[in-house]
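There are 2 protein chains.
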Amino acid sequence: MKSNFSLSGMPDFAPFQMKRRQYVLSIIEKKFIVFGFSPISTSLVEKRSNLFGSYGEDGEKLIFQILRSGDYWNKASPKVKKLTSKTLSPLISNKSLRYDLTVPFARFIAENRASISFPFRRYEIGSVFRADRPQKGRLRQFTQCDADIIGSQSLWLEVDLINLISTVFNMLKLKDVTIKISNRKLLEGIFESFSSNLNFSQFCIVIDKLDKAGFDKVGELLLDGGLSKKDVIIIKNLFLFRGSFLEKKDYVMSQLNINTKLKTGFDELSFIFDKTDYMLLNNSIELDFSLARGLDYYTGSIFEVVSSSNNIGSLVGGGRYDQLTEKFNLKNISGVGVSFGLDRLCLALEESNLFPKELDDSLKFLFINFGESEAKVANSYILKLRDLGVSAELYPESLKLNKQMSYANKRDVKFVIMIGEEEIKKDKLTIKNMLSGVQELISFKQLIKKLRIGR
Amino acid sequence: MKSNFSLSGMPDFAPFQMKRRQYVLSIIEKKFIVFGFSPISTSLVEKRSNLFGSYGEDGEKLIFQILRSGDYWNKASPKVKKLTSKTLSPLISNKSLRYDLTVPFARFIAENRASISFPFRRYEIGSVFRADRPQKGRLRQFTQCDADIIGSQSLWLEVDLINLISTVFNMLKLKDVTIKISNRKLLEGIFESFSSNLNFSQFCIVIDKLDKAGFDKVGELLLDGGLSKKDVIIIKNLFLFRGSFLEKKDYVMSQLNINTKLKTGFDELSFIFDKTDYMLLNNSIELDFSLARGLDYYTGSIFEVVSSSNNIGSLVGGGRYDQLTEKFNLKNISGVGVSFGLDRLCLALEESNLFPKELDDSLKFLFINFGESEAKVANSYILKLRDLGVSAELYPESLKLNKQMSYANKRDVKFVIMIGEEEIKKDKLTIKNMLSGVQELISFKQLIKKLRIGR
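First to last, the protein sequences are chains A and B. The numbers in my numbering rise by one with no breaks, and the one at position 241 of the first sequence is 241. The numbers in my numbering rise by one with no breaks, and the one at position 137 of the second sequence is 137.
No lab work stands behind these hints: they were computed from the structure. Accuracy of the hints is not assured; some may be wrong.
Remember, identical chains collapse to one label, so a pair may be satisfied in a single copy or spanning two.
With a Cα cut of at most 20 Å, we get these calculated SDA-like pairs of lysine to any residue [unchecked claim]:
{"id": "1", "residue 1": "Lys450", "residue 2": "Leu342"}
{"id": "2", "residue 1": "Lys47", "residue 2": "Asp100"}
{"id": "3", "residue 1": "Lys275", "residue 2": "Glu421"}
{"id": "4", "residue 1": "Lys331", "residue 2": "Gln153"}
{"id": "5", "residue 1": "Lys376", "residue 2": "Phe142"}
{"id": "6", "residue 1": "Lys217", "residue 2": "Pro134"}
{"id": "7", "residue 1": "Lys414", "residue 2": "Asp12"}
{"id": "8", "residue 1": "Lys327", "residue 2": "Tyr381"}
{"id": "9", "residue 1": "Lys19", "residue 2": "Thr430"}
{"id": "10", "residue 1": "Lys261", "residue 2": "Phe118"}
{"id": "11", "residue 1": "Lys136", "residue 2": "Lys230"}
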């Protein structure tokens, strides 16, 4: 039941959802750490100028802009007659919500370069924002879990990230997952081997539509872009071709005019496919020529993980970027990283029924409130139990017993403790096991003993 | 070294800072859980109208407003001539960054009332935003850790929250901490016992200045507000009076004209002071008449925690609110909560040197890269170590040994592993303990054995 007080695509999470998110996060974070990544956190708000120019025209439209504080209208003193939203925005907004964790990371690197030893492995888990049309698997606020290594061009890092992806999915028990790999240089090589009226960026945008629009539409757009019918058929066959990495490579080499970019792209991919330990991978891994990914900043490898049993878009995305820190006055620093989408992972696990059943949020002890003086005794026991690391609370009001018991049931409490006049006299407490219904009168010492055994 | 790419008051956190934050958070979260609180998470962005009207005029100025997406200027079609920032903002902005976690919680309660069993204990840890002038201990993005109980008026809940505060500060080992308590009704009672030209809200704003401006300034403002010189002296003496809760109560009762609000305020405080177990409290707890707290929504108890050894403002704030959910069409729901300021707590622990030394972020194993084929062998061991839960990484490039060792030193690596031609032949690896400098040739099996013992 959503009221008109909440924003579409900006989700809240109730306790049962939080437990699930914490379960997925704990697996991802544990793996990040054993892979040598250190945590950082960047601000949720960035300078507007840090973000504009980094995500391509389509991406830019999705950036949330924040109004300047104070009397922005007076300060901007816009020449009102010619104004449009596009020309006004930079005058009255100087901050934006971050769009991903990668550009803020590039800024962080540039600002902290003096104290960082490269290659630097960092992870960051946090919210990002995109003013997209909300739908299943697409939110306006969502959580990314990023692992990047910056400061080395070594392709071993790509191998490491594939292993990271694989081990996370193994732990999550998510099957039917495919790790798709390509390389921007390969795509550039393919692009250059045909003549057309498109530039590379336009070509990527067309190719990117393959998933959603299908090849017929893509073929049309390529023809419109000036490719010959013959070339469009070659491209279609390329995308349709099924086989191992080496078979795909041989096929491309036999069909296209070889150029330097094509060769470099395949050399890099060969290294990666050769070093990937297939014995350890439980997920299939494949070269996908059509992998373009919208983000402007990728220059080398591109990754994407999709699940064939869930139709919720990519679960992981990533790639290599060579120029991302240049915007922040730091040149020649190559980085590569992957981003796990927490919200989509949770959706996939939910649909495949993969959340452990024991992710409950129940309370161990509820103490019944029999009035002020009894409650005072109860409260002293509660504080002792909490000190021992056990969750316990006092029902705050001395309502009728059945009302308090009804709360205990709803709250899924393990044990209810009753301390009335009688118990206080005997220096004991009545404990009721809510699962078995068994009730007994014991001392606090016996309760502690029981607890230790019970665990 | 801050560049002009980052925003003042919107901090990033490097790995060593993250480890410290995680240390404090783990203590707070653990205590929240044993106190029976369940986690929720609300969206970082709220409808603009949810926030405006909740924080008083001064608070409202600090709300970050987000521009509508798309062609907002065209849609708003503002009548340009009369425009000011104040009249324009609601036309071109419909979303804001959240200002605290309490109003979003009230919205959450109202929207999810059907599935919640009251009294409901929730905790939330997350970023909030205020467009304040940044200074030490005052950021524009900061992290609050909130614990609230909603759906009961019982003062046992106040007692519980005081115990929560106390146990968290004990665990953090932060000394010289005072838990200050007051009650809005008491302050209203004091206000009503004098005649002036002020309303209660104005009176609170004046009293709130005591900390920063001192009593002379406050006295002036009260005189300006129409209080008599005699009354101002009574108020001054009230604030200066030192003593136990009962002594303070007796003093007020002897000095002021008793009214209902004054009586109710003291009744509530008496319950709380009576039930608080001083044996368990390691922190001092005192009634502070001057505690007003700016937030408009408090109606009963008010809490604040300050440290006398650190001049960084309040570390915890909170109180009881009776009408907060009314804005979201849910009446007669009383709530009470406290909010720990993570950033200030970290500052206080840092200044008092209270962070444990072992909060390091070091890597257990760095494998030296001697070239492609050796690295392939190294990588297979790395994957095995990670599966065992141990952090390990391969130096990504086969640079000269001294360069790789220098990285190992900077990274504070525990063990460096070398696998060259010789080691591969013997099916062993050379392990160097970076602390002792001792180097030995052992099998992987021996390494695992060593690890188990070493831990």
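Q. In ascending order, which of the hints set out earlier in this document are inconsistent with the structure?
A. 1, 5, 6, 7, 8, 9, 10 and 11
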